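Asks: Here are the chains, one letter per residue:
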Amino acid sequence: MPKKATHQHAEAEISQPQRHPHRKVWTKPFTLTVLAVIALGLMSLFTGAYDIQNQPDGWAMFFITRIPRTASLMLTGAAMAMAGLVMQLITQNRLVEPTTTGTIEWAGLGLIFVYLIFPAPSLMLRMAGAILFSFVGTMLFFLLLRRVKLRSSLIVPIIGMMMGAVVSATSTFIGLVFQMTQNIETWFVGSFASVQIGRYEFLWFIVFITFMIFIYADRLTLAGLGEDVATSLGVNYNRIVLLGTGLISFAVGIVAAVIGNLPFLGLIVPNIVSMYRGDELRSNLPWVCLLGMGTLTACDIISRTIIMPFEVPVSLILGTGGAVVFVVVLLRRRRQR
Amino acid sequence: MSDYPLEHKGQGDFGAGLHSPGRSARAFRSKREERRYWILLISLFLLAALAAFGLLVYNNPVPVDSPSFIPVVRRRMVALVAMLIAAVCQSLSTVAFQSVTNNKIITPSLLGFEALYSTIHTSTMFFLGLTSFLSFTGVGSFLFQVAAMVVMCLVLYGWLLSGRYGNLQLMLLVGVIMGTGLRSVSAFMRRLLAPSEFDVLQARLFGSVNNADSAYFVVAIPLVVLAGALLLLYSKRLNVLSLGRSSSTALGVNHQFGVIYTLILVSVLMSVSTALVGPLTFFGFLVATMAYQAAPTYDHRYILPMALAIGFLVLTGAYFFMYHVFNAQGVVSVIIEMFGGIVFLIVILKKGAL
Chain U
1 MPKKATHQHA EAEISQPQRH PHRKVWTKPF TLTVLAVIAL GLMSLFTGAY
51 DIQNQPDGWA MFFITRIPRT ASLMLTGAAM AMAGLVMQLI TQNRLVEPTT
101 TGTIEWAGLG LIFVYLIFPA PSLMLRMAGA ILFSFVGTML FFLLLRRVKL
151 RSSLIVPIIG MMMGAVVSAT STFIGLVFQM TQNIETWFVG SFASVQIGRY
201 EFLWFIVFIT FMIFIYADRL TLAGLGEDVA TSLGVNYNRI VLLGTGLISF
251 AVGIVAAVIG NLPFLGLIVP NIVSMYRGDE LRSNLPWVCL LGMGTLTACD
301 IISRTIIMPF EVPVSLILGT GGAVVFVVVL LRRRRQR
Chain R
338 MSDYPLEHKG QGDFGAGLHS PGRSARAFRS KREERRYWIL LISLFLLAAL
388 AAFGLLVYNN PVPVDSPSFI PVVRRRMVAL VAMLIAAVCQ SLSTVAFQSV
438 TNNKIITPSL LGFEALYSTI HTSTMFFLGL TSFLSFTGVG SFLFQVAAMV
488 VMCLVLYGWL LSGRYGNLQL MLLVGVIMGT GLRSVSAFMR RLLAPSEFDV
538 LQARLFGSVN NADSAYFVVA IPLVVLAGAL LLLYSKRLNV LSLGRSSSTA
588 LGVNHQFGVI YTLILVSVLM SVSTALVGPL TFFGFLVATM AYQAAPTYDH
638 RYILPMALAI GFLVLTGAYF FMYHVFNAQG VVSVIIEMFG GIVFLIVILK
688 KGAL
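The listed protein sequences correspond, in order, to chains U and R.
Residue numbers for the first sequence follow the numbering used here, so the first one is 1 and each next one is one higher.
Residue numbers for the second sequence follow the numbering used here, so the first one is 338 and each next one is one higher.
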């Protein structure tokens, strides 16, 4: 199957149906957005307390921190937005994303366990723990959703956040017993302040994840139609759900280990995109990636300039703005119903 | 609770069942269950009283005949009163909340009271500075906090529950999200505070039964008694409201008014509890779930006292054991929360519906 799927442009594939000709990716608005995101990236490169132009080691600094920071912003933004999108497809619920399913809290629990077992864990170990736990946690949540009858789609994020609270209470308990609360505290506010050469390279795995999601885009869209429809259209539903969850957990786990908690990004971006463009995953994916990058970079620029020369964690900006956007999205949906 | 009508139908012979002498409109299915309920309720209250007494006098560092015995007891009394208030607030409000929302899984602490509480304090410090923050104590400020939380809930309920698109779940979700947003806002403001200001603020935000301020009792106790009594008096209506919107409307109860009235009382209770002892997410859930098991009836006149007894016993018992038996201070609330969380998961899985 993967062999077939690599020929993305061979239109006559059996498993990959023809693309609609009018769903061209490189439209005028898309090009403009790309330019806007590039401009944001450039702004991010030249924002900061250190004077690059006039200091002797300014350009060395530029390569040590500024470029890694901007790159990690782009990668993380894309990853979190895509994770939200895929989760929403799999659960058929618009309000689901890593923060509203407890995935991030599970990743945090994984980090704690790694700290508990290994005295001074390497980044690789921490990442493995976070990925493993967020996979298990997300699968548990999905299984729960399949086992339970739902009265309303709005109840899903409520339950997810309550589950997240259970998991984070467990983390707090472990932290209290083994005196690691400080680790949790610093982890829980996601920030790009510590990003520099040698500390962020694992984020490049996200490129691979993006690639995988693009390959499986159409099958994930089918899975989003529900188990019965997907099966009758010839998709192995369970396998694709497992794969999707795996990819999400991989992305969330990496981000959790390297950056920390970034709330609401996976919810806002896909919702805004599908408000304007509908639900086809493959043609939406570039948009979701791009807007994810743009949103996160813009938030990070705000977080760096608002109390110059200091900075606040970007997760606080995201949490504040994201909550407002989330409520607006909810109320708009209410009016449409 | 909700599955009793089904069980009755399951007995087959429906017509005969209607007229059989065994059936009645009483709160319990049988005399035996009623007796069991009363025995359980009284023994729970006795146990709770025992634990409370233990908390007061057990392991007192000074001997009974010493003149400093009474001050120690008085010091412990403050914590005990705080526990009692927390138990009343959390248990009554959770049961009432679950009844009007027609959902036995959610709790009113979802609505972000604790986030609003910390936002009020942080923004006082942030905008008005240290001196006004320090003078922002006493009865007046306590009343102000409670009023602010109740007003926020009123706005939220009034706005989201009324009108053509009124929707309970939407209101809950908006409440949850607003809680998250407020938490971010106040964390953001805390980042900008000077370290000395931050320290003062942190001490204030760290609420627990052990550093409850007895100066607030003058206001808190009347408020809780009033709201609790109103809720208990309303329990017959709660029985009807728990049937859902259409059934209660058909039975002649103004559903929207009833829901908003109950939610206001709930928000008063929750705000007092939060302002006094800090956030408790799953405690109310744990207590309510246990109360439904212990009181096999739909009737809130019986469920509410049972929830009260269980809540007080859980708090006092947990504190007594953790302090005097396991000598593990400071983790009590976390353990209650964790235990409540686990019960929560079990209930979801057993129930099979959300």
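Calculated from the structure, these hints are not laboratory results.
Each hint should be verified, as a subset may be incorrect.
Subject to a maximum C-alpha distance of 20 Å in a straight line, what follows is the list of computed SDA-like cross-link-like pairs (lysine to any residue) [what the hints assert, rightly or not]:
1) Lys-441(R) / Gly-41(U)
2) Lys-441(R) / Ser-153(U)
3) Lys-149(U) / Ile-442(R)
4) Lys-687(R) / Val-148(U)
5) Lys-573(R) / Asp-636(R)
6) Lys-687(R) / Leu-143(U)
7) Lys-687(R) / Phe-113(U)
8) Lys-687(R) / Arg-147(U)
9) Lys-368(R) / Leu-378(R)
10) Lys-441(R) / Gln-55(U)
11) Lys-441(R) / Ser-572(R)
12) Lys-688(R) / Leu-145(U)
13) Lys-688(R) / Met-161(U)
14) Lys-149(U) / Gly-581(R)
15) Lys-441(R) / Ser-583(R)
Covered stretches of chain R, going by a simulated chain U footprint (3 or more residues, C-beta under 8 Å) [unchecked claim]:
16) 441–447
17) 450–457
18) 651–663
All of these numbers come straight from a predicted model, not from anything done at the bench.
From the three backbone atoms N, C-alpha and C, an ideal C-beta is built for every residue, glycine too.
Asks: Compare the structure with each hint and give your call.
Replies: So, going through the hints one by one against the coordinates:
no.: 1; hint: Lys-441(R) / Gly-41(U); result: 48 Å, violated
no.: 2; hint: Lys-441(R) / Ser-153(U); result: 17 Å, holds
no.: 3; hint: Lys-149(U) / Ile-442(R); result: 13 Å, holds
no.: 4; hint: Lys-687(R) / Val-148(U); result: 9 Å, holds
no.: 5; hint: Lys-573(R) / Asp-636(R); result: 7 Å, holds
no.: 6; hint: Lys-687(R) / Leu-143(U); result: 14 Å, holds
no.: 7; hint: Lys-687(R) / Phe-113(U); result: 29 Å, violated
no.: 8; hint: Lys-687(R) / Arg-147(U); result: 10 Å, holds
no.: 9; hint: Lys-368(R) / Leu-378(R); result: 15 Å, holds
no.: 10; hint: Lys-441(R) / Gln-55(U); result: 63 Å, violated
no.: 11; hint: Lys-441(R) / Ser-572(R); result: 17 Å, holds
no.: 12; hint: Lys-688(R) / Leu-145(U); result: 12 Å, holds
no.: 13; hint: Lys-688(R) / Met-161(U); result: 19 Å, holds
no.: 14; hint: Lys-149(U) / Gly-581(R); result: 18 Å, holds
no.: 15; hint: Lys-441(R) / Ser-583(R); result: 18 Å, holds
no.: 16; hint: 441–447; result: holds (count 3)
no.: 17; hint: 450–457; result: violated (count 0)
no.: 18; hint: 651–663; result: violated (count 0)
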